[in-house]
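What follows is the residue order along each chain.
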Amino acid sequence: MEQTLREIASAIGTPLLIDNATSKRLFGHYARILVDMDFSRNLFHEIVVEREGYSFTVKVAYEW
Amino acid sequence: MFGWQAEMSVPAAPLKVARVATLPPPVASPVISFAQALTASTKAASNDNLPQPLIRGERVSMKITQDIYEKGMTVCKTNLRGRLLLNKGDKPYATKEIQSKLQKLWKTTRAWSMVSLGRGYYEFFFATKMDMRSVWAAGTVNLKSGVLRLFEWSKDFNMHTQRNTHA
Numbered sequence: 001m002e003q004t005l006r007e008i009a010s011a012i013g014t015p016l017l018i019d020n021a022t023s024k025r026l027f028g029h030y031a032r033i034l035v036d037m038d039f040s041r042n043l044f045h046e047i048v049v050e051r052e053g054y055s056f057t058v059k060v061a062y063e064w
Numbered sequence: 001m002f003g004w005q006a007e008m009s010v011p012a013a014p015l016k017v018a019r020v021a022t023l024p025p026p027v028a029s030p031v032i033s034f035a036q037a038l039t040a041s042t043k044a045a046s047n048d049n050l051p052q053p054l055i056r057g058e059r060v061s062m063k064i065t066q067d068i069y070e071k072g073m074t075v076c077k078t079n080l081r082g083r084l085l086l087n088k089g090d091k092p093y094a095t096k097e098i099q100s101k102l103q104k105l106w107k108t109t110r111a112w113s114m115v116s117l118g119r120g121y122y123e124f125f126f127a128t129k130m131d132m133r134s135v136w137a138a139g140t141v142n143l144k145s146g147v148l149r150l151f152e153w154s155k156d157f158n159m160h161t162q163r164n165t166h167a
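In order, the protein sequence lines correspond to chains V and D.
Just so we're aligned, residue 1 is where the first sequence starts under my numbering, counting upward by one.
Just so we're aligned, residue 1 is where the second sequence starts under my numbering, counting upward by one.
Source of the hints: derived by calculation from the structure; they are not laboratory data.
Misleading hints may appear alongside valid ones.
Coverage of chain D stretches by chain V, computed from C-beta distances (three or more under 8 Å per stretch; other residues unrestricted) [said to hold, decoys possible]:
id	region
1	46 to 53
2	61 to 69
3	139 to 152
Backbone N, C-alpha and C fix where the C-beta goes; we use that ideal spot for every residue, glycine too.
Build the full structure now, drawing on both the sequences and the hints.
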């Protein structure tokens, strides 16, 4: 499951670390992941996640 | 030694550089980011084989790898979901309060955990299918006050699009 999260995060940068609350699913509402980003590129506030026969949008909040 | 002498003694170096240039090119090392290099002690998962995102105008989309997704689905087969129904005027519960109440009621062989999904929905994680089944078989839990109705885990559940029935 963490790998899928890394895949989703890689839409906006290079995934580095997933925090404890996220990997152990201690908090249901958010997933938090450390991502290395290139700020010369577009900053996206949503990621469309697709798989076979389904897609949905996740909102992205940046902390810095 | 005078300053100019020190400057004059430098020219030995370029010869060395010339020799280095004849060496075979170094074997390509895996590309790691600056942050990965800093956190070398923390085992970071590999970023190889990540799918490429697709940028369509202002939107970015990512197609997740199907078999990894399906593996994740298998893990969820031992989960249950629940909806907490309170009567008007009942004091709302904190997730921890519900957890300690259920801890006393549910006799599972291994530890379980839960998270709040919002809107009165909760997800329960059991270690084994047997634990999940025994809890599910026990059925709706009376929390005095409020009841917790359990239902099967299903994919693509969205607590925000659930119809709230007051039957």
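Hints, one by one, checked against the model:
1. By the rule of at least three residues with a Cβ nearer than 8 Å to a Cβ of chain V, the coverage given for the region 46 to 53 of chain D holds, with 4 such residues.
2. With 8 residues carrying a beta carbon less than 8 Å from a beta carbon of chain V, the region 61 to 69 of chain D meets the three-residue requirement, and the given coverage holds.
3. Check result for the region 139 to 152 of chain D against chain V: violated, 0 residues qualifying (beta carbon to beta carbon below 8 Å, three or more required).
When held up to the earlier numbered hints, the structure conflicts with hint 3 and nothing else.
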